[in-house]
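One letter stands for each residue in the lines below.
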Amino acid sequence: DGGITQSPKYLFRKEGQNVTLSCEQNLNHDAMYWYRQDPGQGLRLIYYSQIVNDFQKGDIAEGYSVSREKKESFPLTVTSAQKNPTAFYLCASQRNRGIAGGGASTDTQYFGPGTRLTVL
Amino acid sequence: AQSVTQLDSHVSVSEGTPVLLRCNYSSSYSPSLFWYVQHPNKGLQLLLKYTSAATLVKGINGFEAEFKKSETSFHLTKPSAHMSDAAEYFCVVSDGSARQLTFGSGTQLTVLP
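Those protein sequence lines, which keep their order, are chains A and B. Residue numbering for the first sequence follows our numbering, beginning at 1 and increasing consecutively. Residue numbering for the second sequence follows our numbering, beginning at 1 and increasing consecutively.
Treat the hints as calculated values from the structure; they're not laboratory data. From a predicted model like this one, the values you see are computed outputs, not experimental measurements. Please note that the accuracy of each hint is not assured.
[Claimed, not checked] Where chain B lies over chain A, by a calculated footprint (3+ residues, C-beta under 8 Å):
#, stretch
1, 21-29
2, 39-47
[As the list claims (entries may be wrong)] Taking lysine to any residue pairs in the SDA-like style, the calculated list, with each CA pair at most 20 Å apart, reads:
#, chain 1, residue 1, chain 2, residue 2
3, A, 9, B, 42
4, B, 42, A, 12
5, A, 9, A, 73
6, A, 57, B, 95
7, B, 49, B, 75
8, B, 42, A, 11
9, B, 42, A, 116
10, B, 42, A, 55
11, A, 57, A, 31
12, A, 9, B, 45
13, A, 57, B, 2
14, B, 49, A, 110
15, B, 49, A, 96
[Unchecked claim] Some residues of chain A that are not near chain B, with every Cβ distance over 10 Å (derived):
#, residue
16, 13
17, 17
18, 68
19, 69
20, 71
21, 84
22, 86
Every residue gets a Cβ at the ideal spot worked out from N, C-alpha and C, and that includes glycine.
Chain B on its own, in the form it takes in the complex:
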């Protein structure tokens, strides 16, 4: 069985300040981990994914995430928030055995001017 916990349902930051969105996972397998972003009334767009290569993963739009097996975490960060980053972010785990994904409940990011 696998599960994902996003530790914050809402995060607010000021434009130009760092972003940290937290995600913990559990998986019986060596997992693949993903971060997706969703803007209002849109589909999900992949930001980045971890697939057992480098533990620090760089994605689009300046986001990155670090896989920490000892902490079972995969937190998403960005050095400087932009207004266009305001959206909902989902942490996702795949164990691959049934090619299914398990989604976290999402973190709503607000960027204040």
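Bound conformation, chain A alone:
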């Protein structure tokens, strides 16, 4: 089965601890993304990576870190510097084709099932 897996499904953390959320995809997609979702809000982009060994900050990167050592894996670390980490975290991947003339990418982002992080 092709898809995106995230683990764990639920994660509890004490204040001051770093935790790492796993995201793996076997779709052979180049790009991977991490989003945060809070109640009543849409998704906000934390980090994204278009290619192995390269990643960029999204809109709310402070207090988070990522790595992209392998194409299929994009783990997210929530550090103790993140002041309000309790949220639902979603990972996504996308196949990026070159778009002649810089037009809009029509490729779809596919989402994993999410990890719910709670800080105790």
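Got chain A sorted already, so can you dock chain B onto it with the hints?
Coordinates of chain B only, in the frame set by chain A:
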């Protein structure tokens, strides 16, 4: 810059009646537009997407959406609601330049028996 506004945070319909979820967008480019659905504690599933082909887009589970450039709208509709449609729905715009998506704040759909 791009943005998405979902005009209703909550919509309630009776089973068997039509569904209308409203979405307006703004984009500096010719946008791609998407509707995703999210059931509780699950990831997002793509319902349909518009990519500058036909303006009326058909998706899964009987949903469809119409791209209206003059109104900058991309409303989601379904002729007859089913109990399983109860979920949160997100309208999403992509301008493609940075391959990033901008999400609306979501519309919670309740289907009453």
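Outcome of the hint check:
no. : hint         : verdict
1   : 21-29        : violated (count 0)
2   : 39-47        : holds (count 6)
3   : A:9 - B:42   : holds (10 Å)
4   : B:42 - A:12  : holds (18 Å)
5   : A:9 - A:73   : holds (17 Å)
6   : A:57 - B:95  : holds (18 Å)
7   : B:49 - B:75  : holds (12 Å)
8   : B:42 - A:11  : holds (15 Å)
9   : B:42 - A:116 : holds (10 Å)
10  : B:42 - A:55  : violated (26 Å)
11  : A:57 - A:31  : holds (14 Å)
12  : A:9 - B:45   : holds (17 Å)
13  : A:57 - B:2   : holds (18 Å)
14  : B:49 - A:110 : holds (13 Å)
15  : B:49 - A:96  : holds (16 Å)
16  : 13           : holds (18 Å)
17  : 17           : holds (23 Å)
18  : 68           : holds (15 Å)
19  : 69           : holds (21 Å)
20  : 71           : holds (16 Å)
21  : 84           : holds (18 Å)
22  : 86           : holds (14 Å)
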